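Enquirer: Following the hints, put chain B in place on chain A, whose structure we already have.
The chain contents come next:
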Amino acid sequence: MERRASRPSSRRLPALHRQREHNLSNAARPIRHHAVIAALLFLLAATSPAQDWIRTGTGLGVERVRLAASDFKSSTPDPNNVNLLKTFNDTLWNDLDNAGIFDLVSKSFYPLQEPGQPSEVNFPAWNSPPPNTSMLAFGNLGAAAGRVTVQGWLYDVKNEKSPQVLGKQYADNATPDAVRVIAHKFADEIIFRLGGGVAGIAETKIYFVSERSGHKEIWMMDYDGANQQQVTHLGSISLSPRISPDGSRLAFSSINKGGWEIMMYSFDLNRMVSFPRFGGMNLSPSWSPDGKIAFSSSRSGYPNIFVVDASGGNPRRLTNDQGPDVAPTWNRKTGSQIAFVSGRTGLPQIYTMEADGTNLQRVTDQGYAVSPNWSPNGQFLTFSWERKYGPGEPGSNDLYLMDVASKQWVQLTHDAGRNDFPCWSPDGRHIVFQSHRSGSDQIWSMLADGTNVKQLTVKGANTQPNWSWK
Amino acid sequence: MAAITDFHMDDFDIYSAHSQLRRPLAWSLGLHLAFATFVVLYATFIQSFRGEGWGSGGTGDAMGATLVSAVPLPANPTETTNVLATESKGLAKSEPTVQEKEPEAIPIPDKNTKTKIKPPPVKSATQRKPQPEPPESNQIPYGEGGPVSGPYTMTAGGAKGGFGFTGSGGDFGSQFAWYVQAVQRKVTENWLKYEVDPSIREASRVYLTFDIARDGHPSNVQIEQPSNVPSLNQSALRALQRIDTFGPLPPEYSGSKVSVEFWFDYKR
Numbered sequence: 001m002e003r004r005a006s007r008p009s010s011r012r013l014p015a016l017h018r019q020r021e022h023n024l025s026n027a028a029r030p031i032r033h034h035a036v037i038a039a040l041l042f043l044l045a046a047t048s049p050a051q052d053w054i055r056t057g058t059g060l061g062v063e064r065v066r067l068a069a070s071d072f073k074s075s076t077p078d079p080n081n082v083n084l085l086k087t088f089n090d091t092l093w094n095d096l097d098n099a100g101i102f103d104l105v106s107k108s109f110y111p112l113q114e115p116g117q118p119s120e121v122n123f124p125a126w127n128s129p130p131p132n133t134s135m136l137a138f139g140n141l142g143a144a145a146g147r148v149t150v151q152g153w154l155y156d157v158k159n160e161k162s163p164q165v166l167g168k169q170y171a172d173n174a175t176p177d178a179v180r181v182i183a184h185k186f187a188d189e190i191i192f193r194l195g196g197g198v199a200g201i202a203e204t205k206i207y208f209v210s211e212r213s214g215h216k217e218i219w220m221m222d223y224d225g226a227n228q229q230q231v232t233h234l235g236s237i238s239l240s241p242r243i244s245p246d247g248s249r250l251a252f253s254s255i256n257k258g259g260w261e262i263m264m265y266s267f268d269l270n271r272m273v274s275f276p277r278f279g280g281m282n283l284s285p286s287w288s289p290d291g292k293i294a295f296s297s298s299r300s301g302y303p304n305i306f307v308v309d310a311s312g313g314n315p316r317r318l319t320n321d322q323g324p325d326v327a328p329t330w331n332r333k334t335g336s337q338i339a340f341v342s343g344r345t346g347l348p349q350i351y352t353m354e355a356d357g358t359n360l361q362r363v364t365d366q367g368y369a370v371s372p373n374w375s376p377n378g379q380f381l382t383f384s385w386e387r388k389y390g391p392g393e394p395g396s397n398d399l400y401l402m403d404v405a406s407k408q409w410v411q412l413t414h415d416a417g418r419n420d421f422p423c424w425s426p427d428g429r430h431i432v433f434q435s436h437r438s439g440s441d442q443i444w445s446m447l448a449d450g451t452n453v454k455q456l457t458v459k460g461a462n463t464q465p466n467w468s469w470k
Numbered sequence: 471m472a473a474i475t476d477f478h479m480d481d482f483d484i485y486s487a488h489s490q491l492r493r494p495l496a497w498s499l500g501l502h503l504a505f506a507t508f509v510v511l512y513a514t515f516i517q518s519f520r521g522e523g524w525g526s527g528g529t530g531d532a533m534g535a536t537l538v539s540a541v542p543l544p545a546n547p548t549e550t551t552n553v554l555a556t557e558s559k560g561l562a563k564s565e566p567t568v569q570e571k572e573p574e575a576i577p578i579p580d581k582n583t584k585t586k587i588k589p590p591p592v593k594s595a596t597q598r599k600p601q602p603e604p605p606e607s608n609q610i611p612y613g614e615g616g617p618v619s620g621p622y623t624m625t626a627g628g629a630k631g632g633f634g635f636t637g638s639g640g641d642f643g644s645q646f647a648w649y650v651q652a653v654q655r656k657v658t659e660n661w662l663k664y665e666v667d668p669s670i671r672e673a674s675r676v677y678l679t680f681d682i683a684r685d686g687h688p689s690n691v692q693i694e695q696p697s698n699v700p701s702l703n704q705s706a707l708r709a710l711q712r713i714d715t716f717g718p719l720p721p722e723y724s725g726s727k728v729s730v731e732f733w734f735d736y737k738r
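Chains as they are written, first to last, in the working numbering: chain A, 1 to 470; chain B, 471 to 738.
With the rest of the complex left out, here is chain A (with noise of 0.2 Å):
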């Protein structure tokens, strides 16, 4: 019986199939006319002057631009220039492969004939193995009667056609550090042009806490941790070092007779400011992008957050709990909202609000979680966590990655001793923080990611660095 009902309907399938394959082709002939209809429109857009179009797409293989950056020749018989290119080169050379874009082809690749000029490129010796590179940055370098001037030029080698990307020419005092600046400058160049649109960050500076001259001090250094010198010399305990927006102040916490004070340092006077005293205890000054300052006061009982103008006058309160609430951060892209520790439930947690105090929001879930730092594309907090806190639990302070929107995390250090103090790079890249990995508190930076650590600070005891915004 059953066998009976299924036969009628087997019997049809393959007619229901025949009509579809019908209606197929029905459907293929508005494809047919669509495709001469659109070869016209090319014939008509390619006749006319037309927009440029590009067109492309993800999953076409989305990888570091393969980059060689051929040691700069001499342009001059000054002897001078052996130092000045030693100097050049390498902070090139570092600055690109700090970049985090560039996959830096090893020079043990590259071709024995470097050029020095744009005529002397071989595209083929460069755009097929062992190099196989698509970009060559190269250029010369050559000091005359005290100056130095520099010319560099970056290739597209796989476009023998129309191959500059970039040509530049810089002159200065032919000193070491001149040439480093140089230097500096070329690699941001690069970066600019390869990397989006965003500036690269050799030349920007690092500011931090050092005790090496016997008290705790502020430091300040260039990024790749060449060039320390000391910044205050008040003699007492200076913390928290944090740049403004447009690098002429720095505002730290320092402790004097009335206590810890948020207390100013003009970099276009180069000495202290006045700024006003608050009283009880003032810490961990933070700077959002349009120049107001939030920080930690106990100055009306409990410490809690407050924001005060750029001169440190019309002081407002955001947190009114029993806190302890401490160490603001702003939002670097919007500068609408505030992350923050805050004790209110025992151990300190990190939450967010907005600027004016309210949508007040608990992020981090458990364990013990500090310094937290808000990215400049706003999207990420980067902090200090230790996630199972307490007698018995392993674990260490490590620092983490939160995306402020989905609250998804990923760890960034791993196995590596104590690590505090994450800051932003300006150009979102990568983070500068403190580790005790090496057996004393230093610097050290890596890419955001996690990858590419790099230690920054070896003398005395360095600690709480931060980035400045450009």
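Hints are computed from structural coordinates only; laboratory data are not their basis.
Mixed in with the good hints there might be a few duds.
[As the list claims (entries may be wrong)] Computed list of lysine-lysine pairs in DSS-like fashion (alpha-carbon distance at most 25 Å, straight line):
{"no.": "1", "chain 1": "A", "residue 1": "LYS168", "chain 2": "A", "residue 2": "LYS205"}
{"no.": "2", "chain 1": "A", "residue 1": "LYS107", "chain 2": "A", "residue 2": "LYS168"}
{"no.": "3", "chain 1": "B", "residue 1": "LYS663", "chain 2": "A", "residue 2": "LYS407"}
{"no.": "4", "chain 1": "A", "residue 1": "LYS86", "chain 2": "A", "residue 2": "LYS185"}
{"no.": "5", "chain 1": "A", "residue 1": "LYS205", "chain 2": "A", "residue 2": "LYS86"}
{"no.": "6", "chain 1": "A", "residue 1": "LYS407", "chain 2": "A", "residue 2": "LYS333"}
{"no.": "7", "chain 1": "A", "residue 1": "LYS407", "chain 2": "B", "residue 2": "LYS737"}
{"no.": "8", "chain 1": "A", "residue 1": "LYS168", "chain 2": "A", "residue 2": "LYS185"}
{"no.": "9", "chain 1": "B", "residue 1": "LYS663", "chain 2": "B", "residue 2": "LYS737"}
{"no.": "10", "chain 1": "B", "residue 1": "LYS663", "chain 2": "A", "residue 2": "LYS333"}
{"no.": "11", "chain 1": "A", "residue 1": "LYS161", "chain 2": "B", "residue 2": "LYS727"}
{"no.": "12", "chain 1": "A", "residue 1": "LYS459", "chain 2": "A", "residue 2": "LYS205"}
Keep in mind that this is a model prediction, so the values were computed, not measured.
Expert: The following block gives chain B in isolation, referenced to the frame of chain A:
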């Protein structure tokens, strides 16, 4: 043997009982019919003699019926403010009565009736055709990318989705391949795949178009051809919204802007 004869005997008895009942049944039917005929006849003829004058006006008892309206019975309240409670038609249109459709009867499964098992409509052996192997994703293995002015640097307005040909409209793609790559890299970096519905395994391609101004700022972001997955469309739009700049257009380029068609392939 005896049992068999008994059985035959019983059988015979049943049939004889049937024939015995036939006569009383006929009597019963006849009497019932007679009674029914009597009732009908009585109602039509006899009743007319007895019930003469009931409610037919004239003299006597019928007066009471006509007086009923004059009896001061408690009247129905004619005016009511509650519109919903009144039966009179108001100004407002009353809602049409919805004809409630009776739910279709669901046959109670019965083990005696045979259930027909429908064959699956599509997955039939007769319909399956030898399909060509799906093309490999055009991801380029590391180091085998070839010249950067390769297939993904399209130029010239008008044609859609084609590869490898250039028109006279301009050759931005071949001249500034590095810029095209930077755009591609930046969009891909800012595309967060976890924003796509996690239950989706594969989605059709979504095409976005946007312009890049001289300063590198993207504008005029539009979905040219949406995917069948709305969350993928949304994630693609968001990727573009996250990008402030692609970096200024190459200074050697003379145009004021570049238009980009960008597609997003999603595969979990």
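Enquirer: Decide, hint by hint, whether the structure agrees.
Expert: Structure-based check of each hint:
Restraint check for A/LYS168 and A/LYS205: the C-alpha separation of about 24 Å stays at or below 25 Å, so the hint holds. A distance of roughly 23 Å separates the Cα atoms of A/LYS107 and A/LYS168; the hinted pair therefore holds under the 25 Å criterion. Under the criterion of a C-alpha separation no larger than 25 Å, the hint pairing B/LYS663 with A/LYS407 is consistent with the structure, at around 15 Å. Distance hint between A/LYS86 and A/LYS185 is fulfilled; the C-alpha atoms sit about 16 Å from each other, no more than 25 Å.
Annotation: proposed proximity of A/LYS205 to A/LYS86 holds, straight-line Cα distance about 22 Å (limit 25 Å). Distance hint between A/LYS407 and A/LYS333 is fulfilled; the C-alpha atoms sit about 18 Å from each other, no more than 25 Å. Straight-line distance between C-alpha atoms of A/LYS407 and B/LYS737 comes to about 24 Å, which keeps the hinted pair within the 25 Å bound. Proximity of A/LYS168 to A/LYS185 is assessed by CA-CA distance (about 10 Å); at most 25 Å being required, the pair is judged to hold.
A C-alpha spacing of about 10 Å is found between B/LYS663 and B/LYS737, which places the hinted pair at or below 25 Å, so the restraint holds. Distance hint between B/LYS663 and A/LYS333 is fulfilled; the C-alpha atoms sit about 22 Å from each other, no more than 25 Å. Straight-line distance between C-alpha atoms of A/LYS161 and B/LYS727 comes to about 22 Å, which keeps the hinted pair within the 25 Å bound. For a cut-off of 25 Å, the pair hint linking A/LYS459 to A/LYS205 stands: about 18 Å separates their Cα positions.
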